[in-house]
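Please work from the sequences and hints to get the whole structure.
Here the protein sequences line up with chains A and B, keeping their order. Numbered according to the numbering used here, the first sequence spans residues 1 to 325. Numbered according to the numbering used here, the second sequence spans residues 1 to 325.
Don't read these hints as lab results, they were simulated from the structure. Hints may be right or wrong, so weigh each one.
The list treats identical chains as interchangeable, and a pair is accepted whether it falls inside one copy or across any two copies.
To be verified - Pairs of lysine-lysine residues, derived as DSBU-like cross-links and limited to a Cα-Cα distance of at most 30 Å, are as follows:
hint	residue 1	residue 2
1	Lys274	Lys48
2	Lys107	Lys265
3	Lys2	Lys164
4	Lys265	Lys5
5	Lys121	Lys164
6	Lys121	Lys274
7	Lys321	Lys105
8	Lys274	Lys5
9	Lys321	Lys164
10	Lys164	Lys260
11	Lys260	Lys321
12	Lys213	Lys14
13	Lys321	Lys121
14	Lys2	Lys121
2 protein chains.
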Amino acid sequence: MKLTKQNLQPATEKIYDTIVVGGGAGGLSAGVYLQRYLLNTLIIDKGKARSFWMIELHNYLGLPPDTPGRSVLRQGKEHFLSLGGDLLDAYVEEVIDEGETFAVKVKVGRNNSQYHTFRTKYLIAASGIIDYLPVLENMRNVYDYAGHNLHVCLICDGYEMTDKKVGVFASSAGNAEVVFPVGWFTGEITLFTQGLFEVNDDLRNRLEVLGYKIEETPVEQFIGEDHQMTGVELTDGRVVELETGLISMGSQYHATYLNKFDLEKQGGNLVTDKMARTSHPRIFAIGDLKVGLNQVVIAAADGALAATQIWRDIRRSTPPKTPTK
Amino acid sequence: MKLTKQNLQPATEKIYDTIVVGGGAGGLSAGVYLQRYLLNTLIIDKGKARSFWMIELHNYLGLPPDTPGRSVLRQGKEHFLSLGGDLLDAYVEEVIDEGETFAVKVKVGRNNSQYHTFRTKYLIAASGIIDYLPVLENMRNVYDYAGHNLHVCLICDGYEMTDKKVGVFASSAGNAEVVFPVGWFTGEITLFTQGLFEVNDDLRNRLEVLGYKIEETPVEQFIGEDHQMTGVELTDGRVVELETGLISMGSQYHATYLNKFDLEKQGGNLVTDKMARTSHPRIFAIGDLKVGLNQVVIAAADGALAATQIWRDIRRSTPPKTPTK
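Printed below as a string of structure tokens:
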């Protein structure tokens with residue numbers, strides 16, 4: 001059921017089989033599988049999964065390629081709730097390992113916040129990442145285009161850039177490297193450093209050889225209408241025309257609640273085994289938090305894997321049912 | 001485009017980036033990703049993927065839980081074709097490694113068959129498995145219930161068996177072991193050996209302790225109406241009432257065309273790395289053919305992984321595009 005400040009008290013007194021932190025594609029898929037394994041599940045969702053921002057999901061099997069990310073999330077929530085799962089909009093502040101259980105401390109509500117503790121045998125970290133966007137005085141201007149023709153994921157949307165004039169907005173020499181795989185899709189590339197980093201000679205040479213441009217003046221604003229970006233205005237007043245863009249400025253990981261567990265990582269991502277288990281035997285990580293491709297269908301599959309392994313763990317330590325008569 | 005006997009000639013003269021053997025969930029997902037990576041893809045489908053038989057897909061994120069498997073396949077085919085992919089209904093008889101390419105020999109049409117050879121740089125084996133079903137004189141009687149309340153996949157449909165009288169139809173002591181995880185969902189279990197194997201003392205004892213029944217007389221027919229099985233009639237005329245069933249008789253792997261490659265296997269399944277690559281660097285395996293969970297969402301994710309790795313391979317050996325002017 002949908003938990004609220006008003007009705008959540010009984011849920012704080014039981015022990016869940018699994019608490020899933022994050023109600024995005026991974027968390028909801030895990031929730032559906034867990035409930036179908038007859039495991040009591042609570043999904044704690046702070047809202048606005050990365051896929052929530054996807055205007056159109058172009059590559060998810062079974063859905064028309066103009067399906068909005070948020071409609072997948074809505075369907076997933078309905079599905080999970082229809083199976084008897086519990087869902088709470090809240091922010092996970094801390095997770096404490098109590099041995100057999102975890103205590104999951106949450107803050108409910110931005111205003112008149114309540115603080116509660118839930119308990120669970122297993123934890124699935126499905127809280128994902130969020131992309132850093134160019135910081136402008138008027139952030140509304142960024143949100144107007146991000147997710148439309150100003151993309152954040154080359155694997156998802158490179159196809160949409162085919163043979164178009166693309167601006168790549170990077171915040172470091174490292175994430176500027178995405179320019180070269182962008183070159184698979186189009187040769188009309190301008191790298192915008194936004195003045196955030198120095199372009200070293202090696203990178204400059206490799207760009208020049210290919211005829212890719214570099215623009216180091218900071219961006220004043222994106223230009224366009226009806227969510228279609230048509231270029232950028234720079235702080236010196238010049239305008240660069242573009243047909244599409246890719247933001248490559250890194251991501252923020254939503255997993256501070258895991259910090260003190262010292263889980264094995266690779267880069268910022270959690271290392272997991274084939275069943276999405278982290279280096280802690282009762283903590284699983286799925287979707288964008290873990291090493292791998294950041295794709296909705298991968299997150300959904302991760303959810304199935306983690307749920308299945310948790311079911312196996314719990315089932316193997318529980319006697320089977322016997323006839324009632 | 002949809003290839004047919006009439007229009008396939010030009011396709012036999014080119015070299016595809018990838019040929020996908022199998023147009024099920026995995027193959028179609030791979031096809032969608034590959035086409036979006038601007039890679040020329042041919043899917044060769046012999047028809048009737050395992051998911052084609054699924055009356056309702058209960059656990060695929062984003063789709064209502066009564067979605068038929070075949071509607072996912074239909075949507076996937078449309079999606080793939082809309083991206084310019086080629087699709088051919090045919091049977092792959094043999095694959096020959098020519099070094100840089102594979103020659104894929106196919107038979108088109110059951111009647112007045114044509115034999116053609118297609119060429120590709122990479123191969124994705126997505127041809128899956130099909131479950132063995134109880135062999136009765138009247139197979140129509142099996143098909144009437146299979147996929148409705150006579151299931152073949154515990155992970156998918158255990159939930160549907162919750163606290164119901166279930167018949168487990170096994171063909172060996174090995175696959176009879178599924179009885180115990182079935183016991184997670186219900187205690188009312190009868191194991192039907194159909195006279196196909198001896199129940200050894202160990203298994204018999206473990207079943208008896210739990211109060212699970214054993215029925216060794218062969219099945220004459222399933223009883224029920226409107227696709228809802230309500231029991232079985234045995235060859236000695238007795239009737240056993242049931243509310244649901246699980247068939248656990250193993251599966252046939254659709255991959256004879258790979259036999260001579262001597263790929264690394266585990267049980268009957270192909271071993272792959274994290275990107276679904278087999279022990280042959282240009283052959284990928286996805287979905288039920290490979291080690292892992294046999295789930296639609298996993299196959300779809302595998303398709304994304306294999307396609308992405310093939311794109312990386314090809315991209316890294318190809319110069320990027322440069323400006324046109």
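Handout entry: Structure versus earlier hints, numbers of those that do not hold, lowest first
Key = 4, 7, 8, 10, 11, 12
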